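Could you slot chain Z onto chain B? The hints should help.
Taken in sequence, the protein lines are chains B and Z. For what it's worth, our numbering labels the leading residue of the first sequence as 1, then goes sequentially. For what it's worth, our numbering labels the leading residue of the second sequence as 1044, then goes sequentially.
In case anyone wonders, no lab produced these hints; they're calculated from the structure. Bear in mind the structure is a predicted one, so any value in this text is a computation, not a measurement. Ideal Cβ placement from N, Cα and C applies to all residues, glycine included. Be aware that one or more of the hints could be misleading.
Claimed, not checked - In silico lysine to any residue, SDA-like type, Cα no more than 25 Å apart, as pairs: (1) B:Lys-1008 with B:Lys-697; (2) B:Lys-347 with B:Arg-1037; (3) B:Lys-771 with Z:Thr-1298; (4) B:Lys-697 with Z:Trp-1385; (5) B:Lys-771 with Z:Val-1395; (6) B:Lys-734 with Z:Val-1395; (7) B:Lys-426 with B:Glu-401.
Said to hold, decoys possible - Pair ranges (Cβ atoms, derived): (8) B:Lys-768 with Z:Thr-1212: 42 to 48 Å; (9) Z:Thr-1212 with B:Ala-25: 49 to 55 Å; (10) B:Thr-886 with Z:Ile-1455: 32 to 38 Å; (11) Z:Thr-1212 with B:Asn-786: 32 to 38 Å.
As the list claims (entries may be wrong) - Residues on chain B that point at chain Z, a partial pick, calculated with CB under 7 Å: (12) Trp-11; (13) Ile-12; (14) His-707; (15) Ile-733; (16) Ala-873; (17) Gly-892; (18) Tyr-895; (19) Asn-899; (20) Gln-1017.
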Amino acid sequence: MKDNQQKDQTWIGLKDISKDPEYIAEVHSEFRDVPISKLLVGHQNESLTTSRRDFLKILGFSVTAASIAACDAPVRRAIPYVHRPEEIVPGVPTYYASTYVDGGDYCSILVKTREGRPIKIEGNSMSPITGQGTSARAQAHVLSLYDLSRFRQPLIDGAKSSWQEVDQLIVSKLNSGSKIGIISRTILSPTFKKILAEFKTKYPNTQIAMYDPFSAAAQLAANEKSYGIRAIPNYHFDQAEVIVSFNADFLGTWISPVEYSADYIKNRKVDPKNPKMSWHVQIENNMSLTGSNADNRILVKPSEQDAAIAYLCNALGGTPLGSTSVNPEAAKALDRVATKLKAAGSKSLIVSASNNMAAQLMVNQMNDILGNLGTTLDMNTPSYQKQGDERSLKKLISDMEAGSMDAVFVLDGNPAFDNPWAGAFKTAAEKVGLMVSLATASDETAELSQVVAPKHHLLESWGDAEPKKGFLSLIQPTISPLFDTRQAETSLLKWSGAAPEIFEDDQPYYNYLKQNWLQAGLDWDTSVHDGIAQGSIPSAEVFSTKALPDLSTQSSTPLNADLELQFYESINIGSGQHANNPWLQEMPDPVMRTVWGNYLSVPVTWSGGMDYDSFNDLKDGDFAELTLGENNKTVTVMNQFGQMPGTVGIALGYGRRSVGAAGINIGTNLYDMMTEGQDGLFQYFVADVKLSGKVGKEKDIPAVQYHHSMGVTDIDPKTGKKVNVDEITAPSIKKGYQGSLVDRSIIRRANLEDVETFIEELHEERAKFEKLNSKTLYPYEEYKENYYEQGHHWGLAIDLNACIGCGACTVSCMAENNVPVVGKREVERHHEMAWLRIDRYFYGDVNNPNTVYQPLMCQHCDNAPCENVCPVAATNHSSEGLNQMTYNRCIGTRYCANNCPYKVRRFNWLDYTTADLFPINQPKLNGEIFGNDDLTRMVLNPDVTVRSRGVIEKCSFCVQRIQDGKLTAKKEGRALKDGEIKSACQTACPTGAIVFGDFNNEESELVKNIHNGLTYQVLEEINVRPSVNYSAKIINRDHKLDA
Amino acid sequence: MSSIVSPIRRPLIEGNKTYHDITEDICAPTERAPSLAWIIAFILAVTFLAIYLVCLVITVWGGIGTWDLNRTIGWGWDITNFVWWVGIGHAGTLISAILLLFRQKWRTGVNRAAEAMTIFAVICAGQFPLIHMGRQWMGFFIFPYPNSRGPLWVNFNSPLLWDVFAISTYFTVSLLFWYTGLVPDLATVRDRAKGIRKKFYEVASFGWTGKAKHWQRWESLSLILAGLATPLVLSVHTIVSFDFATSVIPGWHTTIFPPYFVAGAIFSGFAMVQSLMVIARKVFDLQEYITLEHIESMNKVILLTGMLVGTAYLTELFIAWYSGYIYEQYAFFNRVFGPYWWSYVGMMSCNVLAPLIFWSKKARRSIFITFFMSIFINIGMWFERFVIIATTLARDYLPSSWSYYSPTWVEIGLFLGSLGLFFTCFLIFARVAPVIAIAEVKHILKSSGDQYIDKNSKHYVEVVEKELA
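Isolated chain B (complex conformation) (with noise of 0.2 Å):
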């Protein structure tokens, strides 16, 4: 440093050389020996000096800083593609068209994929006899693909086991003298058949069973008969103006309901400017679905059923096949059908669900006299979707018992559960030789095979359906097989020896499946990517009834029981075969509003008391005991508006002993109290049933809706006047008063001749609370001026009159938001998560009711009550109107959720989707987890967020949806079109009842729908603007037919 005046020396800078005496100073103290924090006291940052104290200040932050950091959501990895693969645009969905086919079960759907995973189906437009709608059971199919309890490769005796073992093992059995069984439903694949009857070639002692645990064995038969053609005929609901339904629940389980349901609800629909629809009468005991949606409806015992077609087919000129005699109101009533049928002549439709021939052969002379066929069915393109006859399972089950069978080969259905004859089956399966399962998922057939040879879900499988005579459909697989299974196509192709290069494809059913489509000439290419085709395939007749004994053309006689228990088919359990199906599970009963369990129905009356009489003094939730002969069970009860006295009803197929976690002990197996008729078919009803009283209760309800109705009306036995009975019943400790049930701005309906009186006093009332609603703080004008008419308005119409209730939008909404599963108990504490909910209320004559169903989603309202009182602003407005919820920001004060008029805000009370920030608590949530499995996560959208505990969540209008079509158009230059952004339970709706657009577009059909004059909102006088807007309920019953 000293020597830095030398020539050579080095310069930074002009003070170097300038020999600064200052600068020099500064240089030569430039490594004293004092802390620099000193050196720079005074004239330094003073943020620079740490001292002990700060050190350990700031020690003890970080440490903190670090801790808390640390306590972060669990994180999951996903892994990015190496290479893309063809038709995957990461983000991007692709949809192929398919097939949902279950027995004879039949929806054309497309399906959703994101990243190869099928999340979504929705219906294909496409099809001529499903349309865009769906069902609740084929919106949920989607999940039994990430079904946890199926098998993930083929069993021998329960040990996990290879294909070549099975094929090994079960060719090594069979040869060309065995006796094998096949066991099936309906099977609606011409292809498939195609192979049966190679099988059938090869093995010529073979014996198909084909049965449907809903049989129409009896019309199947009856048609034969009639017209010649063992098939169901083509109805169509839409061309009829009366319609008369014997017990038979078309809008709901019957035949082809989402097929039905559209045709019948076109007639349903009321145009104000002319007032006109089909009459609906429906004849049961046991309120379903179709009947509540019936004008009217006639009660019948269950054994009363023949005899009450009987004696409409007398009053209507054909010849009765049997007894008549039915009870006096239903004669009456039945009379006034006769009547109104005749007035109809050949624009009317009988339908019935009677497993007796004689009935059937009668509802078809009463069609032919009315002149239906050919208006309102026709037999020129008959339908498939019931093939089976029990009476073939029960023969290959006595054959079984002899122990004659060499071998039994389970294709489809669950012979060990789903009938009265299980128990046989059971005992009988042990003296088969080989015994065969072809399940996807764990049921309690399989559980007593030998081999489990499983096959592949729907999703993962080719194959085909002809569910009406020309009308084909294609099923293609969405997703490689997750596990070891293998299409029973292949199986059975296998087994019966087929030329093995065929083997040596990847897909040999593909090949199969392609050549006998090229072969009939069909396209396809066009075919796959449509789902569908016009033509025909040629298909075996493999299953016969031709060596069944003829039934019987003599309908039953009435029996004088006191208590007669009706069986029925629920929405959505099906036969048992979706009891693992969450979704379905925790979908409401629409009637019963029960989820999680089959309900006795017992009827309710009420005598003038504070509160309603029911049978036995039944109330909600109690246990009763059930008794038939031996058979004791204990059911749980709910009262039933609209059962008739002296019945009760309760579902088939819940109970399942051997199935997935969602389903086992989910409530009572009631086949073996089923009885079959004088011809061995099966009978969905017991006479002399006996009911206990209360034996017990359930602790709660998992019923999502406690009360039922909205204007039930009887006569007061003291007054003699007619009141609202729901009214006075409500309260606990009083009667309650007149109106204030009916007065409520929640439900509007009218009956179809006062339709105008009902429009003009409609409108004078939403005048009056437009008056009221114009003085308010809140500026709405100058928002809707300011952004709601600027851009987007977002809103809803629904038709009261086109929703049947059915709840596949409710499903389909779950599936889409990502909506969790919360299990029995949680329903029962009202924990439901649903975003869309379907209300029912009952109303009129309390002893038979109508009923309205009101679906209910967020009401994005435009003064929105809930986004004021949330303290975080959590939940906020858009400027198109959308009601938002940012789950992030959100505490969980529920204070929105109470303030909601419409209560559609929904809470994580526990961590029900493992999003959670103590994974912890995950695994035990009350025992149940479902939907929180790495598996079951698969079915999740990635478009939407996975909600944690302790936030609310609600109807975003899927908002994703919205954000996809903006882009969409955006990218291609253009203005948004009308119909092209639908909200999920607009897609799911097979009637149409849902209509999703924007308010500011004047051509949208939303805006065209408001315009209708029966439009009306809920609760619309307490000024919060609900974006959604209902149409009116408007039915036309028959009065003369209560007298």
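Positioned in the frame of chain B, the structure of chain Z alone reads:
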């Protein structure tokens, strides 16, 4: 303090006390070993506090699903407890602030304990809005401060946010008021203490020496705080009532709520003061300072506020009928005759009918009746909040969503536990600080001591005259 006392006033300090006696008597509980009664009470209180902590951990760990609230009834025992505790917290400020401004001398006997009760009740009340959140760990979102989340500002439209301000302001002012009052008394204890106790009270009394200037400042500060606290007495419960009054739910959306809530709060606050004082005067042997005179005065306030809430209840019913508005009518019909009728009966009988007994002077001056009535009123006021919150929510607009609610043991545990928290705090307070304001009682000795007024005063005059002669 005015030294002119009406001759018809009864004495507020009995037993011919001198200034020294007062110091001795009131400081005694802090100086002697705890009594058996205190130890048993403390063990009980701490046990309940432990229950509280257990239930708190269960709630935070498992979620609000450990309670039985549901999609229809989003608030139940949690917010009922919150409003109940806030209500109880009203008596302290009322006594210290409003009665100070009105120069009510009888307040001196009870104000210290009442203020302490206020502090602890507000602490208990503050627990519930935090616990009831779905994500308690995000509770700090409700504070408006510059943050990295956007920055995300709070929603100033939300009554729940107003609550945060109202309660925190109230708590701060009450705490200051209480502690300011304590300073001279803590200094008195300090002067009598030794060793480590002395150190503690030295710090706690902020070096108070009793200089005239100290007293002057102390008086001014008390007055300023009283002025600040007076509007708070009215505002806090008014704002709490806005939680309900500004909503759209029939039965909540009511303009009567602010005065009705304030009256109810004073009502329940005084009842709680009575419950505590009746026990404390016995346990700490302070009957001569908390006299029947005090008890009667408070019972008069209870009678008045009880009739106020009664009027409010009846007004509500009348207006519901008079409104002609179906939802409003049904909400009130349902309150009385619906599934929760028993809570309405509980509320009416405990809050409106029972306090009418205080029209009788005998009842007002009966320790026994006073104690039971105070318990009744506390129960009744709890029912009132339950009626307003749960019953209203259970059956609102849409009959489809009607529901019913009863608590789980966790919710009950949290309520009982909050009592544990309250009594633990109160018992510690009673051991550490003078439960009666020594300085203030001394202040009124010459005007309200029994030797100076009433029949004793003649003797006093005689003595004085003799001495003067």
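We went through each hint and held it up to the structure:
| no. | hint | result |
| --- | --- | --- |
| 1 | B:Lys-1008 with B:Lys-697 | violated, 50 Å |
| 2 | B:Lys-347 with B:Arg-1037 | holds, 18 Å |
| 3 | B:Lys-771 with Z:Thr-1298 | holds, 22 Å |
| 4 | B:Lys-697 with Z:Trp-1385 | holds, 23 Å |
| 5 | B:Lys-771 with Z:Val-1395 | violated, 40 Å |
| 6 | B:Lys-734 with Z:Val-1395 | holds, 22 Å |
| 7 | B:Lys-426 with B:Glu-401 | holds, 10 Å |
| 8 | B:Lys-768 with Z:Thr-1212: 42 to 48 Å | holds, 43 Å |
| 9 | Z:Thr-1212 with B:Ala-25: 49 to 55 Å | violated, 59 Å |
| 10 | B:Thr-886 with Z:Ile-1455: 32 to 38 Å | holds, 34 Å |
| 11 | Z:Thr-1212 with B:Asn-786: 32 to 38 Å | holds, 36 Å |
| 12 | Trp-11 | violated, 48 Å |
| 13 | Ile-12 | violated, 43 Å |
| 14 | His-707 | holds, 4 Å |
| 15 | Ile-733 | holds, 5 Å |
| 16 | Ala-873 | holds, 4 Å |
| 17 | Gly-892 | holds, 2 Å |
| 18 | Tyr-895 | holds, 6 Å |
| 19 | Asn-899 | holds, 5 Å |
| 20 | Gln-1017 | violated, 13 Å |
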